[in-house]
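Using the hints, position chains B and A against chain Z.
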Amino acid sequence: MATLPIDIAHLLAGGLVLMSFLMIYQDRLSALLDVFTAHAVVLAASVAWQAHLQGDTFHLYLTALIALAFKGAVIPMALARIVRRLGIHREVETVVGTVPTMLAGIGLAALSIVLMMRLTAGADPLAREDLAFALTVVLLGLLMMVTRRNAVSQVVGFMSLENGLILAAAGARGMPLVVEIAVAFSILIAFIVIGVFLFRIRERFDTVDLAALDEVRGDRA
Amino acid sequence: MGLILSLLVQGVQMALVVALAPVLTGVVRKVKARLTRRRGAPVLQPWRDILKLLRKEAIVADSASWVFRAAPYVIFAATWVAAALVPTFATNLQFSWSADLIAIVALLGLARFALALAGMDVGTAFGGLGASREMLFATVAEPAMLLITFTLALAAGSSQLSTIAGAMAGPEMGLRVSLGMALVALTLVALAENGRIPVDNPATHLELTMVHEAMVLEYSGRHLAMIELAASLKLLLSLSLIGCVFFPWGIAAPGDGVTTHLTAAALYLAKIALGGTALAIFETAVAKMRVFRVPDFLGIALMLGLLGTLLLFVSRGL
Amino acid sequence: MPPVDAAALIAGALLALGPAALAFGGPARGAIHAAATLLCLLAAGTGGAALLTGTTTTLTLPIGLPWLGARLALDPLAAVFVLLLGLGGAAASLSSIGYYRHDPAPLRSLPFQPPFLGAMLAVLLAADAFSFLMAWEVMSLLSWALVMVDHRDAATRQAGFVYLVMAAFGTLALLLAFGLMAGPAGGYGFDAIRALPPAPLTVAAILGLMLLGAGSKAGLVPLHVWLPLAHPAAPSPVSALMSGVMTKVAVYAFLRVAFDLMPPAPWWAGSAVIVLGAGSAVLGILLAVVEADMKRALACSTIENIGVIFAATGLALAFRSGGMPALAALALSAALFHALNHMAMKSLLFLGAGAVLHATGTRMLDRMGGLIHRMPATAALMLLGVTAIAALPPLNGFASEWLVFQAVLASPALPQSALQMLVPAAGGLLALAAALAAAAFVRLYGVAFLGRPRTPEAAAAPEADRATLAAMGALALLCLGAGLLPGLVLDLIAPAARQLTGAALPAQAHQPWLTLIPVSAARGTYNGLLVGLFVALSAGLAAGVIHRTASRRLRRAPAWDCGFPQSLPDSQYGAGSFAQPIRRVLGRTLLNARETVHMPPPGDPSAARLTVTAADPAWAALYAPLGRGVNATAAYANRFQALSIRRYLSLVFGSLVLLLLGLALWG
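Residue numbers (our numbering), protein chains in the order written: chain Z, 1 to 221; chain B, 1 to 318; chain A, 1 to 667.
Bound conformation, chain Z alone (with noise of 0.2 angstroms):
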């Protein structure tokens, strides 16, 4: 079966797809957690046989490593850490509800799918399919960080859009080891960030509902 390579490729970007939507539809933080780990390691795959399909590209490997290393385990097993610290596992904690927002999210992956197949009619079609899938996935992580009040919630939800830039970045061949490695960095700067934010907010107010950021702004009456 010669598509069967090509099959597999489309298998693995859909399943990350179908990842971020579990991820909307999850309300609890720890089974968030879980599923977003799964969402790492199937970038990761993806990104792996990405590497495989298009030969020696030893950084598209390496991305896949640092993809599997980092949101497949240190980062989700942080956020796990720090939400049992805060012992907010169990909180549900959404502004709109979860059919609104799934709902929001099948809007927004036809709109992605309609859109990347006009804007790309002549690339390669794999590639076509990979930036129509990660689009779907940095749709769905924004959705996720405008829906969601809780901070750690917020942190997974960009994570996850990150995730769909590096999909995207995989299918197109050859993105430069460099960017790569900067993104990761900031990836990983921006969380140290966040998870120390975390604990100050938590210290200063008693909860990481980013709503009661709002009542210590100045220009309000």
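Calculated directly from the structure, the hints in this document are not laboratory data. Quick reminder that beta carbons are idealized off the backbone N, C-alpha and C, glycines included.
Chain Z is nowhere near these chain A residues, computed Cβ spacing over 10 angstroms in every case:
id : residue
1  : Phe-24
2  : Gly-48
3  : Thr-55
4  : Ile-63
5  : Trp-67
6  : Pro-111
7  : Gly-279
8  : Ala-474
9  : His-547
10 : Pro-605
11 : Ala-637
12 : Leu-651
13 : Leu-661
Output of the computed footprint for chain Z on chain B, the stretches with three or more beta carbons under 8 angstroms from beta carbons of chain Z:
id : stretch
14 : 173–179
15 : 290–303
Structure of chains B and A alone, referenced to chain Z:
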């Protein structure tokens, strides 16, 4: 020769599904019992129950009308016709063109409609409760099932089940994320449609969350036997459907010889046994959910069906 | 006699029956409905004959605009709807013969009902804008008079008021649409409009206005609010006519303009119609699920079916703009077929509801129950009706919904990827509507006809009169026939599909076993006859074998009910309790449904109360602000009522100068 064979296949299948359905129920019960370290009733026990019920006198409530007495036969007939049109071991069913997948779903809808009306007929609180909840589940399950049908029909270019099975077995289908989603969604819908554990518990009576059992509470004798047989048939139909669409390997195509048909039949039995075992393991592992969680559960199936249809256009764009 | 002459004569005769009802008294007056029944059957025959020959005949009458005359035409599209009107009108009129006998004030409906039929027929025959709008307005006013029959009831008066406002609004939209179509040259004849196709954007504007005008009469969301008020307020045969036939006349108006008079519209116009249709289907049937009034629930279900018809029409528009006539014909045939089917089943259900209303004196579902024991014939026919409208095989509702789904499955052929994704999503909504319809009609039938009677009136309900039963029986036969032999109906309406789209479905009558094959045998087939036969045979076989070989003994006993039988009939599931799960899951967001429990404080022996509220979102979102706006404007304009003469004169003078200025600048 071809006509005789396909007529034969159709006839064999009609008899086969009826004969096999209670056995499948027995297998599921047996595996569940073994998993919970019980010995369990023999695999043929459901058949014995049905035969015993058939010989018994039927008791009908004073307030029941003819709808109550006619419904079991309609439920059984609609389910049987639907089950007879799902390819089990061969796709060359003589009458497969008389209904496509949409019509098969609608036939199950007819059975459910009759069952819900029968539940309302005696005029007890339990009957209405079961009917009302069953219709709620159907409200989410049916569109999900139709979206799955859309996914399959758009992927295979036909809503005809034998054509879909043929296309799925063909080499050009390949792996598609849409089909994976459709499989998960179909499994969720099948669990709900058959009243299996996360949605309803087939083993309980007198539990406040019950759905199917609440509707058939007033039935006895031959009427109950018909309904039980129809419920078994529906389970077999769901497993056959999943088998013929997503695991169509070894299914006999039109033009195949008698030996191919025989091996296909053996393979089908193996598939069904495997599916039943998987169902039993799943049911042992998960807990039943609250009634108002079920629409969320089925909502996932609905969403997966819709997403599968949308993502199909990505693959189609290739 | 050419068909159009016959149809025009029938329309004239029906219109003349109204004054005749006033002129004659006694038995002659009682025969008015019988005459209307005969005339409607003749109309159905005329429509059928015109369809079978597939010809177009025209006629110009020397009335109306002096330079134009009243142009009439009977082409295949009009013939489909003349057939529909004839069948629906005949059934309603036949039932009215029975209704007339126990009508407390027959003269309030008798002079209006046959002319109402005649006016609808005239709308279908009109072939110029002037006669079309004239007939449309007469139809609206006569139906308003029929809604107001029970004018002593305040709710009816309110329904009549809302209906009148919406009808006036709809006619205004139609007026503007025809004005745009006629163009600056003022070609009011349909052939003149056809000869001068307007620019694409004008086409879209005309279609938008037609959606407002025809949609408000058909009950398309969000213009549907009058429908659940007005349709049930009328006497039941008239409700059947309004829901079953008049909404279809509105559909006809939209089809006539969108497909016959206008060139293909831009693709997004089609998608707008699809979205509106699918939305109407879901919202309408959800309203029906929570509605406690039997006739209002039926009226809400009309909104759903109109939604299905419009969704299929939108698909046909999209296929037409994509240049795919065969698929457009498929979608359009589905729409026409569903229109015919809905006429049959909704008329059947409304006539049955009328019989129940007469027997029990109430429209509230929670005051019925167990009617199947007292009204066996009505109950049996109604069972067929609810099965048909719940889109279950082997009846006609399923056959047409199946065709709609086949059209949905053809959507990958569309060139726009936005449409490719929109159409399956809309298909999902239609499936949701179909599943909700099953829930709504299990509830309606189960609460009203099954179970135990909840009131003494329900326990002593008499069977319906023979005329109504005959009408219901005929409609039930139509449902069954169209369900088992959908191919023949599709062949019958094929000329209309060919006229509008330039293509038609392949002839179905020659298929083996009359199988329905919309595109090709590989794409999907359905055989209502065989499915119905198989189900009947299997059920019969099972029953026969069991009764012969196993056991046929039967014993009657009190209900078991898990060992705790409740003798109170109120312990049964009622209309509200049956709807509760769906109301909670879907109604919370879509209908803003809320439940509040009021518990008395501890020690207080008074009863706890559960209050449930659910409202049509269109009222709050659209009509309430509109009403407030109108009131505010009226309050402002009120100041002009008490001015001095000098100020009035200055107002008149000012407007005159302004108009002259306008003339000088742009004239």
